[in-house]
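Asks: Starting from the two chains in their separate frames, assemble the complex, guided by the hints.
For the record, the sequence lines run as chains X and Y. Per the numbering used here, the first sequence runs over residues 1096 to 1507. Per the numbering used here, the second sequence runs over residues 232 to 371.
Do not rely on the hints blindly, as some may be mistaken.
Keeping only pairs whose Cα atoms sit at most 30 Å apart, straight-line, the calculated DSSO-like set for lysine-lysine is [as the list claims (entries may be wrong)]:
| no. | chain 1 | residue 1 | chain 2 | residue 2 |
| --- | --- | --- | --- | --- |
| 1 | X | 1162 | X | 1179 |
| 2 | Y | 325 | X | 1478 |
| 3 | X | 1213 | X | 1443 |
| 4 | Y | 237 | Y | 314 |
| 5 | X | 1478 | Y | 360 |
| 6 | X | 1187 | X | 1213 |
In short, the hints are calculated from the structure, not lab data. Only a predicted model underlies this, so the values are computations on that prediction, with no experimental measurement involved.
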Amino acid sequence: MSIELPIYMDNASTTRTDPRVVEAMLPFFTETYGNSASRNHSFGWAGEGAVTLAREQAASLIGSGPKEIIWTSGATESNNLAIKGAARMMAKGPAGSSSRGHIITAIHEHKAVLDPCKRLEREGFDVTYLEPGSDGIITCAMVESAMREDTILVTIMWANNELGTINEVPEMGALCHDRGVLMHTDATQWVGKMPTDVERDNIDLMSFSGHKFYGPNGVGALFIRRRRPRVRIEAMIEGGGHERGMRSGTLNVPGIVGFGKACELCAEEMSGEAERLLGFRNRLETELSSQLDVVTINGHPTRRLPHLTNISFGFVEGESLMMGVSDIACSSGSACTSASLEPSYVLKALGIGDDFAHSSLRLSMGRWTTSEEVDYAIASIVKSVNHLRAMSPLYDLHNEGIDINAIDWQSH
Amino acid sequence: MAYSKKVVEHYENPQNVGSFGTSSEVKDRDDIGVGIVGAPECGDVMQLQIRVGDDGVIEDARFKCFGCGSAIASSSLATEWIKGRTVDDAMNIKNTEIVEELSLPPVKIHCSVLAEDSIRSAIADYKKKNGHEEADSHSH
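For reference, chain Y alone in the conformation it holds in the complex (with noise of 0.2 Å):
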């Protein structure tokens, strides 16, 4: 199977790679959000590490990905659609999205969900923190 031109530039040259600390040092930090979805067993595990300003907009994104090509590729790409939006507007982001952006064939489909996943599941994590309801993080 030949991977979209897309995910082969984002597997080459992945966007936001990193974290803003280790998931102790983070722990207590009320403007960052930390989204960790999937399983090893399973073969995905996206790590999405958002830092919030005090306007609600998502200021800075940060990822970690153990997964295949179309794994990295959503999750990069999932940084880089995050950034300057509210917290509220990237709820709005949805998997057929990155699909489409990425050209993913239908076995990859759950590379895009599990993205969507990340980004829903560090924004509950940021809201949580900040004694904001909890929205639906795990859905699945």
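If we strip away everything but chain X, and leave its shape as in the complex, we get (with noise of 0.2 Å):
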């Protein structure tokens, strides 16, 4: 089998939308167009029913009940409406006052859950932000101890997207509704690739998003659960009173029909795929630190979701390794492009030094991942990153046994 190039190998951002999915799609913008808030004829009606439809098939994905799915724009929308929504609605005090309630969070949260709970805090709320170990975990444990008595809200990623790191959520939840405190997961990274069941494992907000499971962009979804707790939380966006007054405006019918079916292949697919790409993870893995030296896999090294890897290179920097394998669409931990200089917060956040967060390749595999593509790929980096440690000083210092840490470096 022959190899198309470049191969992506950049899931965690963004799928490929499934051939089905698109199909399913279709008709809703040219044939069946309707509103589907139009209740008086049958192209609203149409349209109701696809929405009714997609709305199931999420909620069986995810093992809640259809009317707990909100239709949001995606899950950055998901989180916003999440974290502020359930903050304002539980605040302890009125806007304007402080002590508004605690809230417990991580520092290496997607930016989509920290830039809330900024917000929130310069609205009265605290926010604790809990610190990994080395493996990039948040446990049970953690939450624990950093809850107070008014904590009214956790939000903990249920896997991360840096790292693929599986934090310990369902153990969360069930401490969270032993305390009487709200549980939400950005679940965007999870869902549609290992099994969710929000019932079980005690959720009672959790965001996800099309895109990351072989859905159309542009459409998320927020799991609020109804009962044992009821979930109330503040709309953000009103203007008509759509989703039960949560999140106003039309309904986007094509992409929520994209989203329903994405739903469903995942519900039939998933766990096929997933040992499938456990088994490409771990070939990646084993050959690149093989064949080189100096490598590090990011994270803890099994709770791991099983189509991603976050990979370091001492000695090479990652947006100079990207160039060099550059029919190999992925992302780096390296932020040389951005003005900062910064390199990746999510892997300082587990104590790896900048040096080695600058090396780090994020590697992320799907549905159509071949093995022939694994194969390439691990040809295509042990080479760039021969190239580049062939006229890397630090590679040369490393192979001198001089410590780099040692060393005082004149910063820019």
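Replies: Listed below in structure tokens is the structure:
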């Protein structure tokens, strides 16, 4: 089997929309294009029926009831709505006062969680940012020891987007339900890849997004628990009372249909897919670690998503490595292109030195990744790392036995 | 962000990669000047070694670079430009000329600054070894 270049290994950023999903969406652009809120003609009824089916497909994937799914524009909006909406509803004091409630999150969450938390700090809430150990995992014990009398919300992602590390979310859910605290999880990297049951796992609020699991861009969902406890949130977008008043705006019917179809396909295919991709991930990690020296797999060795790996190649700068493997689409923890020159805050949260954070690649595989592509990626990365190490002054120092951290560098 | 054709050329076929010896080997050679600038935590380290003849002309140069493609291209270009020039003349190379030659975008200007610094730092080291006044090496 021949390989088509470039190879896509950036599925944690976004995925190819499954052609079966596109096929399901198409009629809703040109044939049954009614507004699902139009209650008095057949176009509207068709749209409403399609949205109802999609809600059932999404609910079935995560073990919720269909009425517990709220459509949004994506996980960023879902996170904003969950965190700000829940905190403002549960506030222990009016706007303008202080000590309005305590929220627990972690320093290496996605910015779509961290920025809303910072906003709430300015609005009088207290936020604790938990720090992971070197394995990147936030444990239930860490959350428990940060709990206070006035804790109202815990928001911890299910799996980390850069590392693939899996946090102890079900355990945290049980803890929160014991203490009468709301549990929100950003499950953007988790849903559709790993079995999810919000009932069993005691989740109150969960954000997820269609384009991460072979659905279209621009459609997300927020699970909001309706029973034991009934979770109430304050809406952010107002104007018509759609989605039971929690998110107004005409529904994106074709997108929602695609989201639902993508959920249905994941429910059928995820277990086989996870097993196949885990084999690829293990091959990538084993081969790269054996063919090259000074290679580090970032994050916990086993508690990680099966399709994602984050690897540092010592003494090689990540952006130049990406340039070398330009026929492999992937991402790097190096932020050489950003104005700040700061490497990934997620890798730094693990206590990884800045030099190693600059040296990392994130490879995330997906539904169409082939065995041949994995072999090609291994060969290409090994070749580029060797090319760059041949001109790396740091690799020379390492081989001379000099600790580069002991050198007094002239920083700019 | 797409790289310019010249940056890609230098990345794929860098000129004058290498060294005239390890740092300890060249430490006492007064015909060789060594400049190491940048820092690993900033994602850029450049090492430039120059070999200078009795007439003050830079006969040969070698670089090593830990950094992005633009940093590698800037240091590769710097070695090409200083060879054959006197140390005093090489001091006149400006980072803006490197930016222009490689069509570097604004976010990559620091790579050219680092290349200019590495030239100044290597020449300063050479002059220091030969009892000349130290030039402005640690300007940043």
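Asks: For each hint, tell me whether it holds in the structure or not.
Replies: Okay, the hints, checked on the actual structure:
In summary, the hint linking residue 1162 of chain X to residue 1179 of chain X is supported, as the alpha carbons are separated by about 21 Å, within the 30 Å threshold. With a CA separation close to 34 Å, the supplied pair residue 325 of chain Y and residue 1478 of chain X exceeds the 30 Å bound. Between residue 1213 of chain X and residue 1443 of chain X the alpha-carbon distance is near 20 Å, which keeps this suggested pair within the 30 Å criterion. In summary, the hint linking residue 237 of chain Y to residue 314 of chain Y is supported, as the alpha carbons are separated by about 19 Å, within the 30 Å threshold.
At roughly 39 Å between alpha-carbon atoms, residue 1478 of chain X and residue 360 of chain Y are farther apart than 30 Å, so this suggested pair is violated. A C-alpha spacing of about 18 Å is found between residue 1187 of chain X and residue 1213 of chain X, which places the hinted pair at or below 30 Å, so the restraint holds.
The structure does not agree with the numbered hints 2 and 5 stated previously, though it agrees with the rest.
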